[in-house]
Amino acid sequence: MGELTLGHFLTLSALLFVIGMLGVLTRKNILIIFMSIELMLNAVNVSLIAFGRYLDSIAGQIFAIFVITIAAAEAAIGLGLILVLTRRQDSVDVTSVSLLKE
Amino acid sequence: MLSSYVPVLVLFLLAAGLAALILGLAQIMGPRGLNAGAEDPYESGIVPTEPARKRFPVRFALVAMLFLVFDIEAVFFYPWAVVFKRLGVFGLVEMFLFIGILLVGYIYAYKKGALNWE
Amino acid sequence: MEIAPPPFDLGAIAPFLIVAVGAMIALLADLFIPPARRPALGYFALGTTLVAIGACVWLWGGAVPRLAFANMIAVDRFGLFVTIVTLIGAALSILLSVDFLQEQRLGYGEYFPLMLFTVSGMILLAFANDLITFFIALEILSLGLYILAGSARGRAVSQESAIKYFLLGSFSFGFLVYGTSLIYGATGTTNFTALRVALEGSGLTDNPLLLAGLALVLVGFAFKLALAPFHMWTPDVYSGAPTAVTAFMSVGTKVATFAALLRLVTGALPALYADWSNALFALAIVTMILGNLAAITQRNIKRMLAYSSIGQAGYVLVAVVASDTTQPGVNDAAQSSVLFYLLAYTFMNLGAFAVVVALARPDDERLDLDRDYAGLARRQPLLAAAMAVFMLSLGGIPLTAGFMGKLLVFRAAIEAGYWPLAVVGVLTSAVALAFYLRVVVRMYAGESRHAEERPARVPVPLAVVLAVCLVATIQFGILPAIPLDAARGALTITAP
Chain A
0 MGELTLGHFL TLSALLFVIG MLGVLTRKNI LIIFMSIELM LNAVNVSLIA
50 FGRYLDSIAG QIFAIFVITI AAAEAAIGLG LILVLTRRQD SVDVTSVSLL
100 KE
Chain B
0 MLSSYVPVLV LFLLAAGLAA LILGLAQIMG PRGLNAGAED PYESGIVPTE
50 PARKRFPVRF ALVAMLFLVF DIEAVFFYPW AVVFKRLGVF GLVEMFLFIG
100 ILLVGYIYAY KKGALNWE
Chain C
0 MEIAPPPFDL GAIAPFLIVA VGAMIALLAD LFIPPARRPA LGYFALGTTL
50 VAIGACVWLW GGAVPRLAFA NMIAVDRFGL FVTIVTLIGA ALSILLSVDF
100 LQEQRLGYGE YFPLMLFTVS GMILLAFAND LITFFIALEI LSLGLYILAG
150 SARGRAVSQE SAIKYFLLGS FSFGFLVYGT SLIYGATGTT NFTALRVALE
200 GSGLTDNPLL LAGLALVLVG FAFKLALAPF HMWTPDVYSG APTAVTAFMS
250 VGTKVATFAA LLRLVTGALP ALYADWSNAL FALAIVTMIL GNLAAITQRN
300 IKRMLAYSSI GQAGYVLVAV VASDTTQPGV NDAAQSSVLF YLLAYTFMNL
350 GAFAVVVALA RPDDERLDLD RDYAGLARRQ PLLAAAMAVF MLSLGGIPLT
400 AGFMGKLLVF RAAIEAGYWP LAVVGVLTSA VALAFYLRVV VRMYAGESRH
450 AEERPARVPV PLAVVLAVCL VATIQFGILP AIPLDAARGA LTITAP
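Residue numbers (numbering that gives the first Met the number 0), protein chains in the order written: chain A, 0 to 101; chain B, 0 to 117; chain C, 0 to 495.
Because the hints were derived from the structure by calculation, they are not lab data. Don't take each hint at face value.
[Stated by the list, open to error] Here are a few chain A residues that face chain B, going by a calculated C-beta distance under 7 angstroms:
hint : residue
1    : 1
2    : 9
3    : 13
4    : 41
5    : 75
6    : 82
7    : 83
8    : 84
[As the list claims (entries may be wrong)] One side of the interface only, derived from the structure: several residues of chain C facing chain A at Cβ under 8 angstroms:
hint : residue
9    : 149
10   : 162
11   : 173
12   : 288
[To be verified] The following label-pair restraints were derived from C-beta to C-beta distances:
hint : chain 1 : residue 1 : chain 2 : residue 2 : range
13   : C       : 273       : B       : 11        : 31 to 41 angstroms
14   : A       : 30        : C       : 152       : 58 to 68 angstroms
15   : A       : 21        : B       : 21        : 36 to 46 angstroms
16   : B       : 105       : C       : 42        : 53 to 63 angstroms
17   : A       : 5         : B       : 82        : 51 to 61 angstroms
18   : C       : 35        : A       : 30        : 48 to 58 angstroms
Note that CB positions come from ideal geometry on N, CA and C, so glycine has one too.
Chain A extracted, bound-state conformation:
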């Protein structure tokens, strides 16, 4: 078993980020798009923590904590917006909403 290097973490982070990005671009369900965005932010957290560890700098962790907080605030607002939208449509099934298609 080789040692885990910064490269491993960055690769993981980049892969997660791309998966999230593809999710946003290809999915039509608002909730799944939203989850993909969260995945992108968490991919960033992986890279931040890895950088913080390998650079021996605390800023990476502080950065990650703020990203988590902002992701939570975004989640609350996103859920609120989706809630209002589905109330209007009288359905919880957001797959019927394909707003991103013009």
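Using the hints, position chains B and C against chain A.
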């Protein structure tokens, strides 16, 4: 070196033993034959009272959102608590300011009736 | 061991504190006052922004530049200038909203507190001197706007606008944060000042992590600033959101985000000038061409103004590209033209939206250029004249603020050697005249469809907004000395 894996082995044995025990008990004591519940894909033998795909009250989502917002403050409390003594009075005052700002949000949610289940 | 806290310089962030505390007071007051008295909150919010402008003026005269909170905040005249412009935009938008919300029966809800929270984010963005402060500020601003865009809860278009804005905004935020994390990883610091020092004369400028980070950050910025080809969301979001909100976000967001972009690229990454100026060069050309061409075919005034704002952002970007800090004279001309353009844009664009707000009826927002604007000059000569001035200014006709802005921007581009940008800018401005002048022609030559109905009454706050925007648009076009001197005085992006 290998001896350090003994606890892991014990854990595996315990887990396997417990699984075997539960499965065995179910085999011996469980009801036999077909009833309405046994045909359903995954209802653990309990007959469902109504379809599962019904609308959940919006309140659940509201509570989830509030939980999310007020839960995330713990992210800041934890590192603060770790260095609390070294931060001294400054840290205490800062945290009270932080909680004060959160309190504004709490009062708002409370007065708007967001915490009221009925 | 005691941890020494960084010095606590609350005076330095006074404008931010005033607006943020004002927002919290407004939020709590909202709970305790009867719905009929809600407009009072609007005037409270207005007062808050005016006090904050006062605080900015006070800081402008004081000891600047100063760094506060462990260098995470840089209070310099650049930030103060931008903050004042943002606050003026916010104050005018608040005045615009007071009667609009009532007229359109949108309900006040948390409108004014949210607006103040958003403004606090914009102020923090203008002062952010650290990647962490920067992205928190950007998100405070965006989160408020997502909700504001959907504040017309009874209207499907408003909800659709909010969801689209939210999804694309958070998507772009992902890019931005990923980019900042890579920049941090490559340099080991998040502070703008430290970044500049770390990059100066180091071998780091070819670091792939750093360059990838820069590229991702620029993509994030392009989304937020609605630069083509990342502008697809803008027309939908702008046309779906309540008009007063659209006015606010088309102005405030652009001003504060451009300031942050300029501070990041010239304050922290001057060593990468060759890289970011090339990327922004391409973005500027595509933005100017696409924004202005797409605006020609629009029949809905809000969609037209949305595409117009994309084109305008392209012109500002031209000056950003020219901000080469290795040539002080060129850089000064470029940056002062950015500031001047943003100021001029605030007044002329808000003025145009104010006319749209003035024409809206409770049952019909009156957005169709052919149906609702034709013959406006006969029914409402004053409103039509005001709209004509704003259109001419946005189109860059001499004697208006827009013309001076374009002149300064293109001159800066030529001085910096970017004559292709200036050529494309002039050509697209000529194309843009087609759709700006079309509005004027419709108003003065068309046949009115609503000839028999009584002209809309313009409430006093709205009249004030129109008057301020008109005076500023014309005054800055004829005598640009005062704002221009202020912009030139605001050039020190903190670099101690």
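Here's how the hints hold up against the structure:
Because the smallest distance between the Cβ of residue 1/A and any Cβ of chain B comes to about 20 angstroms, over 7 angstroms, the interface hint for this residue is violated. About 24 angstroms separates the beta-carbon of residue 9/A from the nearest beta-carbon of chain B, more than 7 angstroms, and the hint is not met. At a threshold of 7 angstroms, the smallest CB-CB gap from residue 13/A to chain B is about 25 angstroms, leaving the interface hint violated. A cut of 7 angstroms between beta carbons decides the hint on residue 41/A: the least distance to chain B is about 14 angstroms, and the hint is violated.
Hint on residue 75/A holds. Least Cβ distance to chain B is approximately 5 angstroms, under the 7 angstroms limit. With a least beta-carbon distance of about 5 angstroms to chain B, the hint placing residue 82/A at the interface is held under the 7 angstroms criterion. Interface restraint check for residue 83/A: the shortest CB-CB distance to chain B comes to about 10 angstroms, outside 7 angstroms, so the restraint is violated. Given hint, residue 84/A at the interface with chain B, is violated; its Cβ is 12 angstroms from that chain's nearest Cβ, farther than 7 angstroms.
Here the hint on residue 149/C is kept, as its CB sits about 6 angstroms from the closest CB of chain A, short of 8 angstroms. Against a cut-off of 8 angstroms between C-beta atoms, the interface hint on residue 162/C holds, since the closest Cβ of chain A lies about 6 angstroms away. Against a cut-off of 8 angstroms between C-beta atoms, the interface hint on residue 173/C holds, since the closest Cβ of chain A lies about 4 angstroms away. Among the interface hints, the one on residue 288/C is violated; its C-beta lies about 21 angstroms from the nearest C-beta in chain A, farther than the 8 angstroms criterion.
Between residue 273/C and residue 11/B the C-beta distance comes to about 60 angstroms, which lies outside the given range of 31 to 41 angstroms. One distance hint, 58 to 68 angstroms for the beta-carbon pair residue 30/A and residue 152/C, is violated here, with the actual separation near 20 angstroms. In this structure the supplied range 36 to 46 angstroms holds for residue 21/A paired with residue 21/B, their Cβ-Cβ distance being about 41 angstroms. Range check, residue 105/B to residue 42/C: Cβ separation about 27 angstroms, and the 53 to 63 angstroms hint is violated.
Checked against the given bound of 51 to 61 angstroms, the beta carbons of residue 5/A and residue 82/B, roughly 27 angstroms apart, lie outside it. Our hint of 48 to 58 angstroms for residue 35/C and residue 30/A is violated, since their Cβ atoms are close to 39 angstroms apart.
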